[in-house]
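Visitor: One-letter residues, chain by chain:
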Amino acid sequence: MDSCGALRAIGVAIVAITLAFVLLPALVVAIAAFNARAVLAFPPDALSLRWFAKALAYDDFRVGFHNGLIVTAFASSIALVVGSAFAFALDRYSFRLKRTIESVLLAPLVIPHFTIGLGFLILAAELGAARGFAVVIACHVILVLPFVLRSVYISLRNLDQRFELAAASLGAPPRRVLTSVTIPLLAPGLVSGWLFAAILSFNEFTASLFVTSQRTQTLPVAMYNYVREYADPSMAAVSVIYIVATAALLTIANAFFGLGKVLNVENAR
Amino acid sequence: MQDKPFLRAFVSPAALCAFGLIAALAAVFQFSLRAYVPGSLEPGGLTLDNFTALAKPLYARVFLDTISISGITAICTLILGYPIACALVRVKNPLLKSAILIIVVTPLFLGEVVRTYSWIVVLGNNGFINSVLLKLGLIERPLQMMFTHFGVITALVHVTLPVMVIMLAAAISHIDPDYERAAESLGAGPIRAFLTITLPLSIPGIIAGVTTAFAWTFSAFATPQLIGGGQVNMVSNLVYQLGFASFNFPFAASLSVSGLALTFAVLALLRAATRPLEAVTAH
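Residue numbers (numbering that gives the first Met the number 0), protein chains in the order written: chain C, 0 to 268; chain S, 0 to 282.
Chain S with its partners taken away, still in its complex shape (with noise of 0.2 Å):
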């Protein structure tokens, strides 16, 4: 023990927030399993009638619409960020670098509510944008965009992009300029040299980055609920629904477990879809 000092005492209570969160989610898979007693709290015997409900048309249908959504968010999130991260690194003023550091970064610590709150009122009927273009006489009637996907999507982008930048931006960090400048000289135009270097050698920021966004986006809660307005719904507000508003939790945590299941999968098939591209940059 003696060339170790301190191991047992600094790595226990880290092994028992590992245990504590395995005992939750063996909770849940354990409820997941167990027969639904209406009107009680307490689950039934074991079954596995959760899980076939969940591939009632319905259901199978949120779990489409969650995957669609997380993965159109990914992807709009990678366009807007990547030129943010790009701006983010390659600046040299430091006081504009900070300007934009604290910008992107400043929504992540937010929250979800009040960021879901804040685009309610812009794209609300009575919301900033149909005031603004009702004023200017572009439109005659408030656009529907709440209770709609480009709603949802559009505030799931927002608050997924900081992740996404810092993602991006670390990953084109440690990127040597040098490699582009080499490029160039030897005749190549800057676009060449970005598409020929910067952006295969950012190929593992951009994989984490997609990874991260969809993950994020899965469980994403407030903004369904409240922009999607029962319209929209993701597993998240299925979960909750079931949960506290029928008291169904065998149901609630079957459907969190099939979550899960869905979100490790997607992301094991990302990574192996994107394993010859990183084979490709790996130097």
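One chain only, chain C, in its complex shape (with noise of 0.2 Å):
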């Protein structure tokens, strides 16, 4: 019996009452956008789905629901490709300026997002480029590209190289081993790394904030907008559908995948 097990009484409790926490905001956005009256109440007087509706109907955010996709499908996927080629590399070659860039890949983890995207900002002025969707593509690429490379490259360390060397040996080009036996025993881990990958680029707000215009603002950034001018909870709506999609798709990749291991929380054995 190990010693967290032996704490278990007051373990079990302090763990419950922190997942009451966690998901206490959850349960009562839920309760709020199913609430019949603009004005918050607990609990609520009487139930429907008008804040639903409403919510749907919002110009606002249908055109960001819209940029959202655009901006996460090309983010994410140039992320991917450009991350997992880089892990590869990372994985199996010694090269010059090689924990140079590694570290200025993984820099974003650490760095504010506000000063990334004040940075693709003045950028994007500086180069007289237009605030449009490549630059928001290109912030998401540099947010999102830690993760993908993390992803892969413990899939990459996960992966057992003597398929590779079979191959190899029984004639394959280096083209042919990647494409028929790299790539196929990786896709467990690409996947999961541009799931990951597209969830947050759909997300990401502060640096989205900044280099965002009227035209081109994503989900978040027109959900932010109306936080600040409209109290009713047709935004609690917004969040429930958000909540709920994102806890089916993780369930999803969960089931899948194992989050555990591509989290790397998994027992050591």
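A few of these clues could be false.
[Claimed, not checked] Incomplete in silico selection of chain C near chain S, CB under 10 Å:
1) L22
2) A35
3) A84
4) P111
5) G118
6) C138
[Said to hold, decoys possible] Computed list of chain S residues with no C-beta within reach of chain C, every gap over 10 Å:
7) A26
8) V36
9) L45
10) D48
11) F50
12) I66
13) I138
14) Q143
15) H148
16) F149
17) L268
18) T273
[To be verified] Distance ranges between label pairs, derived from CB positions:
19) C:R98 - S:I202: 52 to 58 Å
20) S:A264 - C:T99: 39 to 45 Å
21) S:L137 - C:V243: 28 to 34 Å
22) S:R180 - C:T178: 45 to 51 Å
23) C:L26 - S:F28: 42 to 48 Å
24) S:Y178 - C:P183: 34 to 40 Å
25) C:I9 - S:D177: 20 to 26 Å
26) S:Y178 - C:A128: 53 to 59 Å
27) S:I202 - C:L18: 22 to 28 Å
28) S:G43 - C:L105: 48 to 54 Å
29) C:A72 - S:A264: 37 to 43 Å
The hints are simulated quantities; they were obtained by calculation from the structure and are not laboratory data. Glycine is no exception: its CB is placed at the ideal position from the N, C-alpha and C atoms.
Need the complex rebuilt from these two chains, each delivered in its own frame; the hints are there to steer you.
Guide: Written out as structure tokens, the structure is:
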């Protein structure tokens, strides 16, 4: 019996309370979203779906959702290609500036997003580029790259290189080994890396606030503007949709790839 | 080249991205040294005025506030996160394990706006906590939680908790449970075994978690902006205000540069301060 287990009685209580703390806002928002009246009240007097209808009909949310899909699709796919190629090189080769490039690409994990957003905003202005989708996508690629890099790198570490050696010794040229052995074996890592990147990009807010314009604003930016201007529960309805969609995606991802492995929190043995 | 197929093709795009990030940061740095020309988006000549202006008490206060909020958040997150991480690693039932994982990890992917809005609904004067307490007759008028440090820190802890749990769980999961069993078989009680084995061995995870939590909180924007409502300001809010309300981008840039320097200084300090601890646990 290990010590974490022996402290069970107190431990279970602490864990339960903390999990309740994590869940509380989501539950409260759900109650607010189904409340019929515009003023928050707990418990609600009557239930209704009107805020969902209003939120789904709100133009800024629709445009933001659409823009978000465009940005996310490009940013996460570009990050996937760039990140996994680099993870491969990182795992297999030594080359000049290896550690430098790696630490620069991982830096967005500690550099405040507002600094990166401001940087891309100024850079775009200096280069005379319009505040179009290209700037937003470039910024998002940089922000999600560390996550793709990490996810694919972990998969590469766990990959049994003997399969590749076998293929090579049977006469497959490097390109063939890559496309018919390495990439298929890496598929779960690639998909989960892409999924992570996509979810993070779709939800990215602070840097997006700096680099998007009225025309290119993504959903989180539209939601932020909405919260600043209006107090009705439409935002609660959007939040509920968001929470349910994200939890569903993660549950599916967990069933297919094992989130624990991707996040590297599984037991060592 | 033959022994390293694809090397150039695989490294160049990443190098290009790294270059893009460096260029963006260089642009911020360059702007921080330019003069602000009121009414114009074009900056003026080179100057250090932006940095001398930072010494004003108003800005110094925001910096100190940001550091203390980030520090308190990181510590609270560590205290709340450790038991969860422990449970996540040690729970045997796969269903329960998945449930804990999903509950903990989902908020990480929700983004700051949704989570901050949720906390407004919880903490507001007409919000959940006040409604419930009023109805139960425990308070006579709503508790003021919005626009306070307490409110901002509560929401920030919620925002940072998932990262902390993931980092701690990664560290704890790599500790061999046999060490603890060995300690217990030698007569150590479970608390002693935890304090002398698991806790010290998880210190690298604790350091990584606290560091990341600090950096994330430092960069939070929506939470202090919406829940702080101008009463609690962090560096990010000031940068945005200066950039988009007064179009003083040079000053916004110099604030960002100082914020960045400060983040790295605090992280370096943290690392230096914890190095002896890490040396103790190295084995």
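Visitor: What hints, given by number in increasing order, does this structure fail?
Guide: Numbers 2, 7, 19, 20 and 28, in rising order.
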